[in-house]
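**Q** Listed here are the chains, written in short residue letters.
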Amino acid sequence: MKWAELRNLQTVQLAAIPRLSPDALQQQTLSGLAAGRRVVQFFGDRTAEGILLYVVLADDEHSRLYVSSAIFQDNDKYPALTTDAPALHLFEREFYEQFGIEPLGHPWLKPVRHGIAGISPLEAAYNFFHMDGAQVHEVGVGPIHAGIIEPGHFRFSCQGEEIYHLEIEHGFQHRGVEELFLRHRARPVYRQCLAESIAGDSVIGHGGAYVRAMEALGNVNVGRQAIVIRTIAQELERTAIHLGDLSALANDVAYLTGNAVFGALRTKVINTTLALCGNRFGRGLLALGGVNYNISGKLRDNIRTTLAQLEDDTDLAAEVLFASASLLARFEKTGVVTKETARRLGMVGPAARASGLAVDVRSDHPYGGFSYFPVHKMTLTSGDVFARAYIRYVEIKQSLRIIQEQLNALNGGELKRPGAAPAAGMMVVSLAEGWRGEIAHVALTGQDGQLRRYKIKDPSFHNWMALALAVRKNGISDFPVCNKSFNLSYCGTDL
Amino acid sequence: MFELLRLRIRHNRPVIKDLRRAGLHPSFRGFPLLASEKCTAGCSSCADLCPAGAIALAPLRLDLGKCTFCGECERACGKEALRFSPGYRLGATSRAALIITAGQTEAAFQEQAIEARKEICRLFGRSLKLRQVSAGGCNGCEMELAACGNVNFDLGRFGIDFVASPRHADGLVITGPLTRNMAPALADAYRSVSEPKIVIAVGACAISGGLFTDGGELDRSFLASAAVDLHVPGCPPHPLTFIHALLDFLGLEKS
Numbered sequence: 001m002k003w004a005e006l007r008n009l010q011t012v013q014l015a016a017i018p019r020l021s022p023d024a025l026q027q028q029t030l031s032g033l034a035a036g037r038r039v040v041q042f043f044g045d046r047t048a049e050g051i052l053l054y055v056v057l058a059d060d061e062h063s064r065l066y067v068s069s070a071i072f073q074d075n076d077k078y079p080a081l082t083t084d085a086p087a088l089h090l091f092e093r094e095f096y097e098q099f100g101i102e103p104l105g106h107p108w109l110k111p112v113r114h115g116i117a118g119i120s121p122l123e124a125a126y127n128f129f130h131m132d133g134a135q136v137h138e139v140g141v142g143p144i145h146a147g148i149i150e151p152g153h154f155r156f157s158c159q160g161e162e163i164y165h166l167e168i169e170h171g172f173q174h175r176g177v178e179e180l181f182l183r184h185r186a187r188p189v190y191r192q193c194l195a196e197s198i199a200g201d202s203v204i205g206h207g208g209a210y211v212r213a214m215e216a217l218g219n220v221n222v223g224r225q226a227i228v229i230r231t232i233a234q235e236l237e238r239t240a241i242h243l244g245d246l247s248a249l250a251n252d253v254a255y256l257t258g259n260a261v262f263g264a265l266r267t268k269v270i271n272t273t274l275a276l277c278g279n280r281f282g283r284g285l286l287a288l289g290g291v292n293y294n295i296s297g298k299l300r301d302n303i304r305t306t307l308a309q310l311e312d313d314t315d316l317a318a319e320v321l322f323a324s325a326s327l328l329a330r331f332e333k334t335g336v337v338t339k340e341t342a343r344r345l346g347m348v349g350p351a352a353r354a355s356g357l358a359v360d361v362r363s364d365h366p367y368g369g370f371s372y373f374p375v376h377k378m379t380l381t382s383g384d385v386f387a388r389a390y391i392r393y394v395e396i397k398q399s400l401r402i403i404q405e406q407l408n409a410l411n412g413g414e415l416k417r418p419g420a421a422p423a424a425g426m427m428v429v430s431l432a433e434g435w436r437g438e439i440a441h442v443a444l445t446g447q448d449g450q451l452r453r454y455k456i457k458d459p460s461f462h463n464w465m466a467l468a469l470a471v472r473k474n475g476i477s478d479f480p481v482c483n484k485s486f487n488l489s490y491c492g493t494d495l
Numbered sequence: 001m002f003e004l005l006r007l008r009i010r011h012n013r014p015v016i017k018d019l020r021r022a023g024l025h026p027s028f029r030g031f032p033l034l035a036s037e038k039c040t041a042g043c044s045s046c047a048d049l050c051p052a053g054a055i056a057l058a059p060l061r062l063d064l065g066k067c068t069f070c071g072e073c074e075r076a077c078g079k080e081a082l083r084f085s086p087g088y089r090l091g092a093t094s095r096a097a098l099i100i101t102a103g104q105t106e107a108a109f110q111e112q113a114i115e116a117r118k119e120i121c122r123l124f125g126r127s128l129k130l131r132q133v134s135a136g137g138c139n140g141c142e143m144e145l146a147a148c149g150n151v152n153f154d155l156g157r158f159g160i161d162f163v164a165s166p167r168h169a170d171g172l173v174i175t176g177p178l179t180r181n182m183a184p185a186l187a188d189a190y191r192s193v194s195e196p197k198i199v200i201a202v203g204a205c206a207i208s209g210g211l212f213t214d215g216g217e218l219d220r221s222f223l224a225s226a227a228v229d230l231h232v233p234g235c236p237p238h239p240l241t242f243i244h245a246l247l248d249f250l251g252l253e254k255s
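Going line by line, the protein sequences match chains A and B. Heads up: the first sequence begins at 1 in the numbering used here, then just goes up one per residue. Heads up: the second sequence begins at 1 in the numbering used here, then just goes up one per residue.
Just so you know, these hints were derived from the structure itself, not from any lab. Only a predicted model underlies this, so the values are computations on that prediction, with no experimental measurement involved.
Derived pair list, reagent style DSS-like, types lysine-lysine, alpha-carbon separation capped at 27 Å:
1. LYS416(A) x LYS38(B)
2. LYS377(A) x LYS397(A)
3. LYS333(A) x LYS377(A)
4. LYS129(B) x LYS197(B)
5. LYS129(B) x LYS17(B)
6. LYS129(B) x LYS118(B)
7. LYS397(A) x LYS298(A)
8. LYS268(A) x LYS17(B)
9. LYS79(B) x LYS416(A)
Covered by chain B, according to a simulated footprint, are these stretches of chain A (three or more residues, beta-carbon under 8 Å):
10. 138 to 148
11. 165 to 173
12. 199 to 210
13. 257 to 264
14. 276 to 289
15. 315 to 328
Think of the CB as a built atom: it goes at the ideal place given N, C-alpha and C, for glycine as much as any other residue.
Kindly generate the complete structure, drawing on both the sequences and the hints.
**A** Next comes the structure, spelled out in structure tokens:
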């Protein structure tokens with residue numbers, strides 16, 4: 001057996017995961033990817049026997065996940081997979097940075113989180129890609145940006161106004177999140193709060209992936225009322241951020257009406273989340289075994305009417321926004337990512353769907369409420385800023401429909417069921433469709449039933465290279481609107 | 001054209017006219033009210049559960065500078081010895097003022113929390129330009145700070161703006177736990193702001209390191225060289241929390 005076959009949130013004994021030779025795992029991974037599977041995780045775990053590399057691939061069509069492993073010893077090397085499978089390029093860099101196993105021939109073997117100038121011994125490894133020529137110049141931006149956003153460093157190689165290449169340096173936000181998950185055993189709530197802080201704009205996305213992973217390990221079944229409330233919260237989060245992104249996209253092309261209107265609409269959504277759980281981003285709502293706050297009676301009616309009104313307002317605002325010729329002139333054919341590029345890079349989320357790649361965890365690997373209420377995958381084809389903006393409008397409509405449907409599915413049942421200790425020596429892969437795309441948490445327990453490894457992947461991890469490629473041959477003045485159309489997470493990447 | 005007009009009419013006026021009197025939904029977890037007389041003897045469930053280590057016992061205290069407002073203590077207590085009110089005015093000039101004691105009311109907290117210095121009001125009362133630096137922030141605080149400028153809150157009406165360069169700024173607004181990897185950039189930004197300058201720490205992470213204190217990836221030595229003039233607690237702080245703290249600090253429109 002080359003792979004253990006499982007589903008989203010299905011636990012598997014660590015002992016039941018095949019252990020291949022590094023060569024065989026490499027062949028299997030490449031042939032799996034060539035056959036249309038998608039890389040979900042690729043990470044190491046230090047054990048007494050050596051460094052175990054786990055690879056998790058997804059077969060979206062059949063809702064299956066495939067896990068396999070190989071063992072390495074310190075300072076081992078192996079031929080890089082990235083040369084054949086670019087989707088792995090950041091995963092291999094991360095594995096190298098965390099465990100020192102070198103992927104030979106990796107075209108871009110730079111630090112992921114530890115190459116920061118002035119602090120890191122790896123600084124020298126971060127020699128930026130360099131272009132020569134009389135007309136060539138470089139523009140460095142960051143880590144501190146002009147707006148109120150997170151830090152990261154962008155290095156543009158330009159000829160005149162035209163971007164030839166963009167290199168993105170990460171790590172400024174590194175807080176040691178994965179390590180922190182393994183501490184504080186006595187305070188279970190700590191991990192919940194930590195999961196909600198992986199990316200503060202994806203509280204329900206990451207927080208939900210965490211609770212479902214731990215519930216799967218403890219074999220806890222969550223009640224219907226709680227599942228429905230979680231689903232509503234996830235779609236409120238998606239709606240709010242998408243509205244905020246449309247506002248910011250309008251702002252980036254100086255379309256102030258759009259900026260103001262979509263910004264105000266977003267406020268209504270996050271205030272709905274506030275009414276539900278006391279926090280505008282959904283903090284404190286999720287709990288192991290269920291949720292902490294209920295939706296019933298007046299709140300249910302309020303959510304229903306608020307969102308019905310919001311949908312009307314959004315329709316009118318979108319009609320005006322997407323009919324603006326000056327806005328379309330900036331959005332259309334800007335920052336194009338083709339479907340083939342999206343597939344080769346392993347892109348996820350709305351950015352992938354805007355390029356015609358039909359990936360959506362809610363539909364491909366359903367969990368929670370999406371197991372009972374199937375979600376239709378929606379794609380656009382042009383892969384430009386326009387498509388990445390318009391897909392957000394389409395998804396807002398879809399999310400609002402899901403919420404209205406879910407409000408009818410509330411059954412007034414129990415909110416929270418008692419938790420149970422995780423089973424020993426197990427692994428679970430918890431996938432969720434956050435508003436940016438596929439969130440993948442992998443939890444591994446040791447023989448004592450405690451977490452021994454907690455691997456986190458924010459969807460941004462797949463999409464940064466797509467942003468870098470999207471801006472090639474575009475004017476540097478179009479970078480902000482390209483960047484916003486992806487809206488990737490720095491803290492989710494840096495962990 | 002007509003669609004645009006329709007949109008403008010439909011949009012109405014979303015701006016909150018009187019920010020000083022704005023109220024939040026009763027479910028908002030804001031100012032904590034502690035009633036130690038309701039505690040069961042020997043019970044420590046709130047302090048044991050607190051993910052941020054913000055609660056101390058005997059006597060019962062809660063540190064707003066560490067609190068993530070997750071609400072777990074309130075839910076675990078069951079005796080209402082500790083509950084969160086929707087009061088959002090949580091800012092304080094001194095770090096010590098952020099420690100809430102039993103019986104302390106929101107009004108009593110506000111009376112001594114923010115010291116409006118004449119000199120600050122004279123210098124920055126009519127125009128305050130701020131440079132935001134995210135030093136490991138999760139984008140929660142950043143989104144709420146950005147929201148301060150939207151059409152609902154319109155912070156600009158007070159002459160307060162976020163600017164693109166520290167050289168245009170009168171001070172820094174810091175979010176995040178101050179990661180080691182951001183330490184040099186943060187120090188650069190601070191150096192680039194001309195004197196006199198202020199430092200505002202926003203969110204539990206910036207004030208105390210928050211959940212990331214013992215992850216081994218922080219470098220908070222910056223705070224030894226630059227005093228924090230204003231603390232704005234929350235996880236993240238509501239825009240109204242930030243705005244009120246600033247207005248009080250500048251001695252503007254005291255309500």
